[in-house]
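Trainee: Each chain, letter by letter, is given below.
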Amino acid sequence: MRAAGRALVLISALNALGAAGACPPAPRLGDPLRGLSADQLDRFRQGQEVFEREFTPATGLGPLFNSIACGECHENPVTGGAGDEVETHATIVRADGICDQLEARGGPVFQLHVTPALQAALGIDHEPVPAEATRAARTTPDLFGLGLLDAVPDREILARADPDDRDHDGVSGRPNYFVDGRLGRFGRKAFVPALAEFNHGAFAAEMGITSPAQPSEESIGGKPLPPGVDPVPEPELSQEDMDRVDDFVRFLAPPAPLALDRQGELGRRVFAEIRCGACHVPSLTTGDSPVAALRYRTVEAYTDLLLHAMGPERADICLGQAAPDEFRTEPLMGLRFMPAFLHDGKAKTIDEAIQLHGGEAAGAVRRYQRLTPARREALLRFLKSL
Amino acid sequence: MRLLRGIMCMGPVARALLALAALVVWVGSSPAQGPAGTRASSAEVERLAGTVKAVDPRAGTIDLVTGVGLSLRVRHIHLPAALKVKGAASESTAVALAPGAIVRLECRRTPGGMVASTAELVRPAPRGIKR
Chain F
1 MRAAGRALVL ISALNALGAA GACPPAPRLG DPLRGLSADQ LDRFRQGQEV FEREFTPATG
61 LGPLFNSIAC GECHENPVTG GAGDEVETHA TIVRADGICD QLEARGGPVF QLHVTPALQA
121 ALGIDHEPVP AEATRAARTT PDLFGLGLLD AVPDREILAR ADPDDRDHDG VSGRPNYFVD
181 GRLGRFGRKA FVPALAEFNH GAFAAEMGIT SPAQPSEESI GGKPLPPGVD PVPEPELSQE
241 DMDRVDDFVR FLAPPAPLAL DRQGELGRRV FAEIRCGACH VPSLTTGDSP VAALRYRTVE
301 AYTDLLLHAM GPERADICLG QAAPDEFRTE PLMGLRFMPA FLHDGKAKTI DEAIQLHGGE
361 AAGAVRRYQR LTPARREALL RFLKSL
Chain Z
1 MRLLRGIMCM GPVARALLAL AALVVWVGSS PAQGPAGTRA SSAEVERLAG TVKAVDPRAG
61 TIDLVTGVGL SLRVRHIHLP AALKVKGAAS ESTAVALAPG AIVRLECRRT PGGMVASTAE
121 LVRPAPRGIK R
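Chains F and Z, in that order, give the protein sequences. So for the first sequence, our numbering puts the first residue at 1; every next one is plus one. So for the second sequence, our numbering puts the first residue at 1; every next one is plus one.
Derived from the structure by calculation, the hints contain no laboratory data. Even for Gly, the Cβ is constructed at its ideal location relative to N, Cα and C. Take the hints with a grain of salt, since some may be wrong.
Which residues of chain F face chain Z? A partial, calculated answer using Cβ under 7 Å [unchecked claim]:
1) GLU103
2) ALA104
3) VAL109
4) LEU112
5) HIS113
6) VAL179
7) ASP180
8) GLY181
9) LEU183
10) PHE198
11) HIS200
12) GLY201
13) ALA205
14) GLN214
Quick list of the computed label-pair ranges, beta carbon to beta carbon [as the list claims (entries may be wrong)]:
15) F/ASN76 x Z/GLY113: 53 to 59 Å
16) F/GLN355 x Z/GLY113: 49 to 55 Å
17) F/LYS223 x Z/GLU120: 28 to 34 Å
18) F/GLU240 x Z/ALA54: 45 to 51 Å
19) Z/GLU106 x F/ALA362: 45 to 51 Å
20) Z/PRO80 x F/GLU240: 34 to 40 Å
Start from the sequences, fold in the hints, and give me the full structure.
Mentor: Laid out in structure tokens, this is it:
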């Protein structure tokens, strides 16, 4: 009886608290996650400064680069968002079936700009792509909520893999692996295992800025840089600055979906009925994390972080174990903010993006095409709420 | 304060369940401990993990793809003739370390370049990517 009495007292007290206080609003786009400590918030703000910092050749930019700042591309509609820049990746599937990522020849990311010093030395205005390579266009994705995807345990991703389609549903799902054998999850081909590594690699590949994690500049067509074109000693960015950028990206909150009306609720059911969710898994759960705001959280990302064949029409480059036609299921969180759709920006509308799915998604596309106009509109309304 | 805000966002049923859970703890149970882990690494030896890109058995070298994110590099590494590849079925390093294989190496830097002192096969070379 004493225990029951205590329970009643606790329930009453907590209900009183709930009635007295208002639930804090969801984070706005570009805000940090709720529940960060004062120190983590401070690191987030410091990281945003580095993320928005514009580099010059005198501060380490180049000599090959795609952009002068992280925030120059990841800017729409706020810092950390998507961008309208489209860059070039290129690889080769060798005769023995191994994917040559052209590491020794500047790949797989080929930079579109060079510094004046490199232009003067070599007479080039971009990094040359080997003629025999397959090229791919890559748009700039948004970075919201990626800290949560980083915190999803490998086992949760691997549990959904069905590489041989043993359940005969026409949808497989294969993991990709980084060059050292770790499970990949970031990038359009799920090649990069960890968010921090994606960030460190981006400084080198996108801005030509070396760091302790990547202390060497890339070669140009297999040849070392000409003398005098890279005046700043390596590493060009400190570990502290790298850590702050990691904090900024890791702590960016996922976009809060819009509230659904009846049509949107119907669309959510249609999404499940036509089995979009076989790949665009509505939610994943994070594991343990030193950051409380990332620990054991549900993230409504609409991805399984696995590779799926998208059909020969979408095929471009290989990367790691990913075949040319295989792409990681693109997360749909933040879909309403995207200026274009699919990995190459080919689709200008969500409807077009759905229709351009092929391969493992062919069945879902057929079911989409058979929907009544009202149910199709409902589905699009739901997707535009994400 | 964050805990209080979290409680405020709960529905009445969830708050009741929370209260009952708190009660269980109050009357004598120990709280569950979440898993924790730490990583340590030695800086004495340069450890590399990557994919074998090319093997030159005559020169006793391999090209190893390493890197971070989408910034990849090729490292040229000498393999002493006596080096055994742990985890490999074949005694021959050339067979064990075929292009596409994933290996972990401990290397020392010498005036002549990087020299492997230990090698472990993480994953044999695949038959090639699906095409």
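Trainee: Each hint needs a verdict: does it hold in this structure or not?
Mentor: So, going through the hints one by one against the coordinates:
no.: 1; hint: GLU103; in the structure: holds (4 Å)
no.: 2; hint: ALA104; in the structure: holds (5 Å)
no.: 3; hint: VAL109; in the structure: holds (5 Å)
no.: 4; hint: LEU112; in the structure: violated (15 Å)
no.: 5; hint: HIS113; in the structure: violated (16 Å)
no.: 6; hint: VAL179; in the structure: holds (4 Å)
no.: 7; hint: ASP180; in the structure: holds (4 Å)
no.: 8; hint: GLY181; in the structure: holds (4 Å)
no.: 9; hint: LEU183; in the structure: violated (12 Å)
no.: 10; hint: PHE198; in the structure: holds (5 Å)
no.: 11; hint: HIS200; in the structure: holds (5 Å)
no.: 12; hint: GLY201; in the structure: holds (2 Å)
no.: 13; hint: ALA205; in the structure: holds (4 Å)
no.: 14; hint: GLN214; in the structure: holds (5 Å)
no.: 15; hint: F/ASN76 x Z/GLY113: 53 to 59 Å; in the structure: violated (46 Å)
no.: 16; hint: F/GLN355 x Z/GLY113: 49 to 55 Å; in the structure: holds (53 Å)
no.: 17; hint: F/LYS223 x Z/GLU120: 28 to 34 Å; in the structure: holds (33 Å)
no.: 18; hint: F/GLU240 x Z/ALA54: 45 to 51 Å; in the structure: violated (37 Å)
no.: 19; hint: Z/GLU106 x F/ALA362: 45 to 51 Å; in the structure: holds (48 Å)
no.: 20; hint: Z/PRO80 x F/GLU240: 34 to 40 Å; in the structure: holds (39 Å)
Of the hints listed earlier, those the structure fails to meet are numbers 4, 5, 9, 15, 18, in rising order.
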